[in-house]
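Student: The chain contents come next:
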Amino acid sequence: MIEITNLTKQYKNGCVANEGISLKIAPGEVFGLLGPNGAGKTTLVNQLIGLLKPTSGTITIDGVDVVADPDASRRLCSFQPQSQVLIDGLTPLEAIELTGRIRGMDRKTARLRTKSLIERLQLEQWAKTRGEDLSGGVRRLTAFCMACVAPAKAVVLDEPTNDVDPQRRRLLWREIKTIADGGSAIILVTHNVLEAERSTDRLAIIHKARLIRQGTPASFRSKEEENMILELILEPGKTPADILAQEANAVQTGRRIFCPVTIGEVAERVHWANELMNKQLIEEYSINPPSLEESYLQIIADGEGSDGTVSNNLQEDR
Amino acid sequence: MRIYIKQYFLLLKWQLLKLRIVVPLFALVQIMMGIGFIVGLGFFVPDIDPSTALFFVTGAPTLITVTVGLVLVPQLIAEDKSSGSLTYIWSLPISRITYLFADLTVWFFSTLPGVVLALVVGSWHYGFSLSISWMILPVMLLVSITASCLGYTVAHFIEKPQIISLITQLYLFVVLLFSPINYPLERLPNWLQRVHEIFPLTYMADLVRGSLTTYEVASPAKALLIVITWMLVSFVSVSVVVKRRK
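Protein sequence lines, in the order shown, are assigned to chains A and B.
Quick note on the working numbering: the first sequence kicks off at 49 and runs consecutively.
Quick note on the working numbering: the second sequence kicks off at 2 and runs consecutively.
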């Protein structure tokens, strides 16, 4: 269990990167950290893995106070950084196996585990290629394997899917789930809201140093559940004026027009959209519930006070 | 203790694998430096007398080792800092002192080809023979550890890689021209001689020269004491710097 209580980090230059953050992450849980650039996610993670010292507050992993004992945090956390891990000169096989052995595995176990990870992520063809000749995606997958070869109590992954192809992203998510099922708590820092929605058990949003919301992905969606989104895609060359004229709340981006629709209006709106299609004003249409991404952007927008400060109302939805 | 020894060898392996792409180039640079340094002297001083040549050539091991420690080490660490690779290494459950030892080992061995070559080429080119004592090994270790620890401290103490790079350029200038490594201390003005009585460079060069030739070090115990003091101070400071959390 990872327990972060009232964590505040103020840098020497006065910048407050984390303020009063409290979190609990259970073993086996995949926990997503979302937030805009510069929100304080990496600072939070760096305190967890013992690279930064909190100004105040506590962090315990399995009951061990890792603020007082940073060596323990390195034992209890395995980490994939946001930046590429420099493995120039080393092949993925060598880098992953060496990391496993540094984390206390014997040679045989480390080798078996490395081979199994390489197979599961379908990296065999690059297993013996030196780091400097690998693509960004393969390097990142290698760094992921280095973090997971000997999973610690807490596995911290900072943007693990950047540069990774869609096929291997799926394999990577499958692997993350397997590691969580083995009892590790996974902390996932990401900007990819869609992936966070699909792959995490719970999420937290950090904005301007504060934790402004946490809960399950489903709990983040719009509270007004009757709201649906009608998306119209204009025929190329058509002007939207005659459609937008009737839709005060419609938003247009390029050829797409988004109109909020209540559940009761759905049948009527489908009929209307069909008419637009028959008139060849639109190419196609769809009706969907609002996505987590829209809710996320709304939460961030709500978090901004008129004076630029962040709302203090921490909401917890489980 | 066993875990530290195991980690030391694993880190050493990591560093050697990492360096294998630069080793051929590094070896070439060392060979060129070793030969170029000795042959180039002939252009600086056309009618060099044997004793000056001996003094110069036996300064080369110190100069090469100090340059690697004070210039190359901080530059490579600055590179690791800006690439984020140091952040990763330090997130691993390894003792930072063990990591430091593994690094010091690599730096020590990386200077050896240049050192050996400079001595071989120098003694052949200027026609003198060396009288090498067993002391050369501990003395070279002492010089290498001290210089690398000083370089390490600077690289970790200063945040910005650009500043580290500038400081190392300054070191190079001071070490090459204003340090009595390749020429006798007496050639410097009085005030600079006083400065070099505090810093370890003169003593390092004297101890190395004394282990390679029949050169009489004025006060070997004092020289050894001063260099060891610098090694301890630099080792303690680097130990503190690498362990601190911001």
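To be clear, the hints were calculated from the coordinates, so they are not data collected in a lab.
Treat the hints loosely; a few may be bogus.
[Unchecked claim] Covered by chain A, according to a simulated footprint, are these stretches of chain B (three or more residues, beta-carbon under 8 Å): (1) 9-16; (2) 76-89.
[What the hints assert, rightly or not] Selected chain A positions facing chain B (in silico; Cβ < 10 Å): (3) Arg122; (4) Arg149; (5) Gly179.
[Unchecked claim] Below, in silico cross-link-like pairs of lysine to any residue (SDA-like), each with a Cα-Cα straight-line distance of 20 Å or less: (6) A:Lys176 / B:Arg21; (7) B:Lys19 / A:Pro214; (8) A:Lys101 / B:Arg21.
All figures in this text were calculated on a predicted structure; none of them were measured in a lab.
The C-beta atom is built at its ideal place from N, Cα and C for all residues, glycine as well.
Student: Compare the structure with each hint and give your call.
Tutor: Consistency of the hints with the structure:
Restraint check on the segment 9-16 of chain B versus chain A: 4 residues with Cβ-Cβ distances below 8 Å, three needed, restraint holds. Check on the segment 76-89 of chain B: 6 of its residues sit with their Cβ under 8 Å from a Cβ of chain A, so the three-residue criterion for coverage holds. Because the closest C-beta pair between A:Arg122 and chain B is about 4 Å apart, less than 10 Å, the hint holds. Here the hint on A:Arg149 is kept, as its CB sits about 5 Å from the closest CB of chain B, short of 10 Å.
Annotation: A:Gly179 was flagged as interfacial toward chain B, and the flag holds, the nearest CB pair being 9 Å apart, inside 10 Å. Between A:Lys176 and B:Arg21 the CA atoms are separated by roughly 15 Å; this keeps the pair inside 20 Å, and the hint holds. Note on B:Lys19 and A:Pro214: the hinted pairing is violated, with a Cα-Cα distance of about 30 Å set against a maximum of 20 Å. With a C-alpha separation of about 35 Å, the suggested pairing of A:Lys101 with B:Arg21 is violated against the 20 Å cut-off.
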